Amino acid sequence: MDKTIKDFKKFFIDQGFEAIETDYDQRGYHLEIVLNESQVRKFAKTAYEHGFYLVFVAGFHVRPEPENDTGNSGLKVVYQFARYDRKYRIKARASVPKSLKIPTISDIYQGADWHERETRDLYGIIFSGHPNLKPLLLSELDADFHPLLKEEEKLKSLNEVSWPSESQENTE
Amino acid sequence: MLESEYQEQNRFFLNMGPQHPSTHGVLLIVLEMNGEYVIDPQPVLGFIHRMHEKMGESRPCPGFMPNTARMDYVCALPYNHGYVSLIERKTGIEVPKRAEYIRVITSELNRIASHLLWLGAYLLDLGAFTPILYGFDDREHILDILESVTGSRLTYCYYRFGGVYKDIDEKFVEATRAFIKRLRKRYVIYEKLVTKNIIFIKRTENIGIVSPDMALRYGMTGPNLRGSGIAYDIRKNEPYSVYPEFDFEIPVGKQGDCLDRYMVRVREIEQSLRIIEQALDRLPEGPVRSKVPKNIKLSPGDCNFAVEAARGELSYYLVGDGTSTPYRLKVRVPSYSNLSCLPELGRGILLPDLVSILGSFDLVIPEMDR
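These protein sequences, in sequence, are chains A and B. In this text, residue positions in the first sequence follow our numbering: the first is 1, and each later residue adds one. In this text, residue positions in the second sequence follow our numbering: the first is 1001, and each later residue adds one.
Because the hints were derived from the structure by calculation, they are not lab data. Treat the hints with care, since some could be wrong.
Heads up, simulated BS3-like pairs for lysine-lysine below, C-alpha to C-alpha not over 27 Å straight-line [claimed, not checked]:
id, chain 1, residue 1, chain 2, residue 2
1, B, K1181, B, K1166
2, A, K87, A, K134
3, A, K150, A, K87
4, B, K1181, B, K1202
5, B, K1236, A, K87
6, A, K3, B, K1236
7, A, K87, B, K1097
8, A, K9, B, K1236
9, A, K101, B, K1166
10, B, K1294, A, K87
11, A, K101, A, K45
12, B, K1294, B, K1166
13, B, K1097, A, K150
14, B, K1054, B, K1181
15, B, K1181, B, K1192
16, B, K1054, B, K1236
17, B, K1054, A, K98
18, A, K87, A, K42
19, B, K1054, A, K156
20, A, K154, B, K1097
21, A, K87, A, K156
22, B, K1297, A, K156
23, A, K154, A, K87
24, B, K1166, B, K1254
25, A, K134, B, K1097
26, A, K10, A, K87
27, A, K45, A, K150
28, B, K1254, B, K1097
29, A, K150, B, K1236
30, A, K156, B, K1192
31, B, K1192, B, K1294
32, B, K1192, B, K1097
33, B, K1097, B, K1297
34, A, K6, A, K42
35, A, K150, A, K101
36, B, K1097, B, K1166
37, B, K1297, A, K154
38, A, K154, B, K1294
39, A, K6, B, K1054
40, A, K150, A, K98
What you are looking at is a predicted structure, and each value in this text was computed from that prediction instead of being measured.
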């Protein structure tokens, strides 16, 4: 279990995830993982097996890529994991498809239950398989109101809100 | 009457809160009961939800400073600390050493104040009325000390990007040293009054045991996690500010029951005092605020900053877009994750034990609801 960050990066890449090592002093986390929606559960299981705890689940709204045929909604889910015994912090980001459905991880990390309910409240992302996706922070009367969705004129593309090196890699 | 019919008759729903004295804020817990046993406790949050994240995303970043103190109002300075450090990490603003020392001293004072308030309130939940009077007496000294330098007693807005608002003076140092001396003498009182009290022990020992695996699955942090024997403290594991310069220990419990969580907090008070003492001894001279551009631009890209608040890990996650307003600001608060284990932990226990567990979690409701 004495893996270094570099080992973890290699391990995650071997497992089929896209992993980028980042500068902790600049960003506050060590690894950035880019997932597609089908990898979310696999990644959460891997993280759990390697002793990571779930820090938070959050939503994130950017302008959808127009050329992307797969039906990108522009919504992202950001997961953060860390370890109790080491200074390892991982950020994982998954894109939400047009159907707004992404698999739940609340059966792997029970703590994700409330985080996912909150994300549904604020962004309208549906976590499929979640046992109890009722409004948590917002009123049940406001179930269709998602306050953190950005208005069209305020939306920015993912490249505009990413670190410069990251956006270069994305355009390659 | 059949046994099953009798059981069915004993089943009922009980609403605990939103104004129940032991929920310390507006938290509703819908309890499915069987006689005096809790079958399924489901917390209902959001009564004081104010959408702090939206506020953070709709104004230039200095404007969010007052909000940081209004989440966890009992221990507000670490929330200030996390936010200023986040912006400093994002923009590369340098902080003078003296300012970091002052931040550590005031944050630790605030942590002690928070633990003292919790100690009194927890025992009040358990039916002991006297300790809260002692706890508030000691806490009052801290509030006076902090008021002299921050200007407020509860919802502090004292730190600034690149430093702190105001330098501390001789009077502050003297008052803090006098307080350290005073509080150490009071340990004996607390020990006699509470820690060795047989009723208190019966209400907390072996109650609400959180196993390390359960803590991991729910992402618990802070004293609630350390009660389960895991020495995880952001001040040590992911050192920030000038914490690496001080010698202090991370108290841990053995089995993770309410008594362990209590003991961890009590022992943490002494560790905080040690940090303050060392910081006062080595307090460097110099400015307390560096030059900061008037218009702070947040470059594109995301950034995270975690600090150890009195209740556990507080993380700010920010995404910048080149303007001075954050594009996304996520606040990860400790009590939210800590309480989320209640439906699992509270299954099949007695109602009075649930009160004991809730109190031992040291919940601050405005922090969870944000």
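Q. Looking back at the numbered hints, which does the structure fail to meet, lowest number first?
A. 2, 3, 4, 9, 10, 13, 14, 16, 20, 21, 23, 24, 25, 27, 28, 29, 30, 31, 32, 39
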